[in-house]
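J.: Just so you know, the protein sequences line up as chains A and B, in that order. The opening residue of the first sequence carries number 1 in the working numbering; numbering runs sequentially from there. The opening residue of the second sequence carries number 1 in the working numbering; numbering runs sequentially from there.
Heads up, some of the hints might be wrong.
A partial selection of chain B residues facing chain A, derived with a Cβ cut-off under 7 Å [stated by the list, open to error]:
#1 H80
#2 R84
#3 L86
#4 V89
#5 L91
#6 Y132
#7 A145
Over 10 Å on every C-beta distance to chain A, these chain B residues come out as not near it, computed from the model [claimed, not checked]:
#8 A9
#9 V20
#10 T21
#11 Q51
#12 F59
#13 D69
#14 D88
#15 I92
#16 E95
#17 H96
#18 A112
#19 R120
#20 V134
#21 T140
Label pairs and their calculated CB-CB ranges [stated by the list, open to error]:
#22 A:F175 <-> B:R119: 35 to 45 Å
#23 A:W36 <-> B:L121: 22 to 32 Å
#24 A:I112 <-> B:E42: 37 to 47 Å
#25 B:E2 <-> A:A122: 40 to 50 Å
#26 B:R24 <-> A:G9: 16 to 26 Å
To be clear, the hints were calculated from the coordinates, so they are not data collected in a lab. Computed from a prediction, not measured in an experiment: that's the story for all the values here. Positions of the beta carbon are idealized from the N, C-alpha and C atoms, including for glycine.
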Amino acid sequence: MAQSQHSSGIRRVGDLEIEQDLVFERRQNVVQRVGWGIGVLILLAAMLGGFGDGPLASATLRSPDGLITLRYQRLARDRAPDRLRIEIASAAIRDTEITIGLSQDYFEDVRIHTITPAPLAAEPASGEIRYRFAASDAPVVIHVDLEHDGPGSTAGTIRAHHPDGRHSSITFSQFVFP
Amino acid sequence: MEAILRVVAMYLFLLLVFRVTGRRTLGESTTYDLLLLLVISETTQQAMVGQDHSMTHAFLLIITFLTLDVLMSVLKQHSHRVERILEDVPLIIVEHGRPLKERMDRVRIDEADVLEAARRLQGIQRLDQIKYAVLERSGTIFVIANDAR
């Protein structure tokens with residue numbers, strides 16, 4: 001195949017004037033195959049929860065005294081729904097009520113949609129929002145349904161206020177993909 | 001600001017993804033390709049528009065997209081190398097009736113694809129009637145018949 005080169009990459013190949021470039025084509029093919037491999041790896045990582053929503057992303061934290069157990073997503077996504085599952089042991093119950101606090105900072109990064117069960121009251125107090133819930137003898141499970149508002153790292157602290165004035169706390173952090 | 005960054009990120013991401021998957025993806029307009037295009041466009045739109053349905057947001061998104069496009073074409077104009085990287089190059093896949101198998105395998109095309117294009121474009125019946133078949137940058141196959149000068 002006789003080839004001669006003009007400017008701007010147009011070559012003469014037999015009777016055709018064409019911008020063919022076999023060297024570039026071959027290199028490009030290699031790059032593409034590497035790209036496909038990376039794509040498959042990304043897919044696998046995503047299935048495992050590497051970008052949120054999966055076993056790699058889920059985590060459970062417990063406070064040292066075992067009063068609070070938090071199940072949450074270490075890896076989450078911007079504008080996507082997310083849920084915190086907070087379990088409080090019955091030792092924190094006083095007069096059929098429990099009070100938990102969620103740090104004010106966390107509210108800068110999320111929009112809370114629903115808290116189930118609905119709290120009796122929500123009050124701001126010393127850098128957190130305190131929620132009071134009705135409770136019986138059993139451990140209390142609270143679901144906080146929220147949406148992340150902005151990518152990046154975010155952190156929150158959950159406090160359970162003991163009847164005797166002490167409190168237990170858990171600090172958790174999440175990375176939110178854009 | 002975030003809106004503009006989203007558009008830029010999306011534009012570059014789509015460019016990268018389409019270049020990496022190769023031109024045969026969405027190159028031929030089969031029903032499935034159209035469906036794929038629709039799905040991709042819906043997904044892109046949702047991520048960019050988000051909750052903001054204001055006219056201002058829409059104007060900004062469109063202006064950003066078009067500006068990026070113009071920027072790309074200026075870059076391509078200035079550098080042949082950039083143009084190749086952004087747009088690919090054509091490839092001869094059949095020469096004087098002879099299919100160039102190694103090249104066809106690399107771009108994932110078989111003789112049936114070439115013959116279909118030949119029938120559609122020029123009413124050609126056989127491979128030996130083809131002078132050149134070229135896989136263009138767009139992913140379509142163009143065929144030059146033997147009696148062409």
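J.: Going back to the hint list, which numbers does this structure go against?
T.: 3, 7, 8, 9, 10, 11, 14, 15, 16, 17, 20, 22, 24, 25
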